[in-house]
Amino acid sequence: MNQHSLMNTTPSPFTFSGGIHPSYNKGLSSGSPIRELPLPARLVVPLSQHLGAPAKPIVQIGDSVKAGQLIAGQNGFISAPAHAPASGKVAALEETLTASGRTCGAVVIETSGPQEWQLLPPLPDWRAADKKDLAARIGEAGVVGMGGAGFPTRVKLSPPADKPIDTVILNGAECEPYLTSDHRMMLEYAKEIRAGAEIIRHILGAKSLRVAIEDNKPDAIEAMEKAFQEVDGDVAVTVLRTSYPQGSEKQQIYSVTGREVPRGGLPMDVGCVVENVSTAYAVYDAVVNGRPLVRRVISVTGDAVAQPSNLLAPCGTLYSDLVAACGGLRGKAAKVISGGPMMGFAVSSLNVPTGKTASGLLLLSASKVSCYTSQACISCGRCVEACPMRLAPAELSQCIEADDIEGAEQVALMDCIECGSCAFVCPAHRPLVHHMRRAKAIVMAKRAAAKK
Amino acid sequence: MDPIILNSTLWIGGIGLVSAVALAIAEKYLSTPEDPRIGKVTELLPGANCGGCGFAGCADYARAIVTQDAECNQCAPGGAASATAIAAFLGRTVAALEKRSALVLCCGDDTEATRRADYNGINDCAAAQATAGGDKGCTYGCLGYGTCARVCPVNAISVVNGLARVDKDKCIACGKCVAACPRKIIRLVPADAGIHVLCSSKDKGPAVKKVCGTGCIGCRICTKFADGAIAMDGFLAVVDYSKPLTNEETIAKCPAHCIRKA
Numbered sequence: 006m007n008q009h010s011l012m013n014t015t016p017s018p019f020t021f022s023g024g025i026h027p028s029y030n031k032g033l034s035s036g037s038p039i040r041e042l043p044l045p046a047r048l049v050v051p052l053s054q055h056l057g058a059p060a061k062p063i064v065q066i067g068d069s070v071k072a073g074q075l076i077a078g079q080n081g082f083i084s085a086p087a088h089a090p091a092s093g094k095v096a097a098l099e100e101t102l103t104a105s106g107r108t109c110g111a112v113v114i115e116t117s118g119p120q121e122w123q124l125l126p127p128l129p130d131w132r133a134a135d136k137k138d139l140a141a142r143i144g145e146a147g148v149v150g151m152g153g154a155g156f157p158t159r160v161k162l163s164p165p166a167d168k169p170i171d172t173v174i175l176n177g178a179e180c181e182p183y184l185t186s187d188h189r190m191m192l193e194y195a196k197e198i199r200a201g202a203e204i205i206r207h208i209l210g211a212k213s214l215r216v217a218i219e220d221n222k223p224d225a226i227e228a229m230e231k232a233f234q235e236v237d238g239d240v241a242v243t244v245l246r247t248s249y250p251q252g253s254e255k256q257q258i259y260s261v262t263g264r265e266v267p268r269g270g271l272p273m274d275v276g277c278v279v280e281n282v283s284t285a286y287a288v289y290d291a292v293v294n295g296r297p298l299v300r301r302v303i304s305v306t307g308d309a310v311a312q313p314s315n316l317l318a319p320c321g322t323l324y325s326d327l328v329a330a331c332g333g334l335r336g337k338a339a340k341v342i343s344g345g346p347m348m349g350f351a352v353s354s355l356n357v358p359t360g361k362t363a364s365g366l367l368l369l370s371a372s373k374v375s376c377y378t379s380q381a382c383i384s385c386g387r388c389v390e391a392c393p394m395r396l397a398p399a400e401l402s403q404c405i406e407a408d409d410i411e412g413a414e415q416v417a418l419m420d421c422i423e424c425g426s427c428a429f430v431c432p433a434h435r436p437l438v439h440h441m442r443r444a445k446a447i448v449m450a451k452r453a454a455a456k457k
Numbered sequence: 324m325d326p327i328i329l330n331s332t333l334w335i336g337g338i339g340l341v342s343a344v345a346l347a348i349a350e351k352y353l354s355t356p357e358d359p360r361i362g363k364v365t366e367l368l369p370g371a372n373c374g375g376c377g378f379a380g381c382a383d384y385a386r387a388i389v390t391q392d393a394e395c396n397q398c399a400p401g402g403a404a405s406a407t408a409i410a411a412f413l414g415r416t417v418a419a420l421e422k423r424s425a426l427v428l429c430c431g432d433d434t435e436a437t438r439r440a441d442y443n444g445i446n447d448c449a450a451a452q453a454t455a456g457g458d459k460g461c462t463y464g465c466l467g468y469g470t471c472a473r474v475c476p477v478n479a480i481s482v483v484n485g486l487a488r489v490d491k492d493k494c495i496a497c498g499k500c501v502a503a504c505p506r507k508i509i510r511l512v513p514a515d516a517g518i519h520v521l522c523s524s525k526d527k528g529p530a531v532k533k534v535c536g537t538g539c540i541g542c543r544i545c546t547k548f549a550d551g552a553i554a555m556d557g558f559l560a561v562v563d564y565s566k567p568l569t570n571e572e573t574i575a576k577c578p579a580h581c582i583r584k585a
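Line by line, the protein sequences are chains S and X.
With positions in the first sequence counted from 1, the corresponding number in the working numbering is that position plus 5.
With positions in the second sequence counted from 1, the corresponding number in the working numbering is that position plus 323.
Check before you lean on any hint, since a few could be wrong.
No more than 27 Å apart at the CA atoms, straight line, and that leaves these computed lysine-lysine pairs for BS3-like [to be verified]:
hint : chain 1 : residue 1 : chain 2 : residue 2
1    : S       : 456       : X       : 527
2    : X       : 527       : S       : 61
3    : X       : 507       : S       : 457
4    : S       : 61        : S       : 31
If you're looking for bench data, these hints aren't it; they were derived computationally from the structure.
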């Protein structure tokens, strides 16, 4: 593909079973370069931008904060701190509705004055630094997985001694339709992503580094090939077949290495760590520049927005500010989704803040939205064919409809990754993922109660 | 006669005979005596098997009354009648059972309250609540997808115009709807209480007014007429059912019309 390349670019040797091919619609925003959002006057920084316990606020109303200053501390092992995305004054500590539909605490900052940064001490010669210190730094900077789940990166980078990691996979698949933020990151910040990936590999002591990109992004493949040329060791770009959900951790590990993560297990059980390309950038920024994770690139796209764009926005920007920066609405938005159309959450108000995991905001007109009445399962088996986890969504959904949650658990309810492939292919328009999410929430609540 | 028919009839009949004899012997020598009072108490219970007492049906509750000295006034459908009958039969004393019924603490139906989105998912309140926090403008009010009505064993709950209502006469106060409601706005209240504050919104007045025409705005006027039977929980008036609330002026004076007879 690239004749100057010293390293291997290989088509992925394996591919997961199932999956679907939705219309990707990435052309709307993939051509628009990342632009910085003019600083909003008001930022609502949620305390729960990650998986795990919400951060504990340490500022008071009226406090002046600098950009990058710690405003809420890490609260437990699986948790992450939050930092002020801009300098200004703390106007309130209040509850806010988040994109997932739950409420959580938030620190409201009224931005003002010249923007002053309070950075952590930069570590430009990280190769000489202690691995534990680097992982601690990444935790201190509040870096979490930016692909969607928001798992604290510090935890991923500190695997127990009996789980050696030999492969780091850099996830640039971006299989969700419409979203282009990772794609633009790979084109515009290739060097930084490479540095971040090297830091991650260094911390884990892994032998191999793989950059996994779907074959519908040839320019990103080329940019990554170029950036990773001078990297020592076993490095390769793995070109994945374009198929949803290639970006899902378990499916991607199989596509790249042929290893299967065991049921209920983690990637570290098969010697892998998967990090999103934007996370690699955040790792670079946290280590080399000492900048905590307080802003990210978010694709604002869809046919109901005037100028689909990729915006570099502070975490805590209200969706209404993002829409305004993209020239407002075109016509009327019938549906607003935080994230991509497959796994994102429909939101009912633009008065919702972004977070570290918000990769996209999708505004769709009425013509793109379907309202269905779901019907009875006709047992056609298409969902079984489409399920990348090899589950039987038809059976699961029927158990759940009959309120037999225990029965659903026995047929591997908790292995569902909620990718939406089953609902996408269902000819009876059954809200299969909605059933799974509801039942999974019930099981999680039951397990949490049993623990107490 | 065909030997197959004869053979099979003899075989099956023989097996039946042997089994019957085995069962008869087992009945005689291996049976464990059960307290005969359990069967009697089960007969005195109404047999609704609703589980409202906290036991797995009427027979289980009867066993608990006889063998574990459980209180015999826990049966809501049976009420005082079955409690006194059981107490008389067992020679115990019984504390009076207060008749209660479930009450949905919301009166914002689809005419009064706004919906901020069109919900096109599973017809279930918990599922709607998990989707962007529910489609109702008010984050406290009744979603109206009938999760409570589906768990009700006596069909006492109906959803009318996007609002669940409990039929007091049918309700047996088993508490299943209370547990099922994802917004936790159903409460068991004394059945003879006549006046209620039908709102659960803890938001401030202006925020309530934006989303509902009949939500409590926290004006405190009712507390002046309630003789201490209404207390404020932040911006929400809450009836204290341990005290009698009979002053109908509370209904007349409530500017939001959320104090109603029910």
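query: Looking back at the hints listed earlier, which ones does the structure fail to meet?
result: 1 and 4
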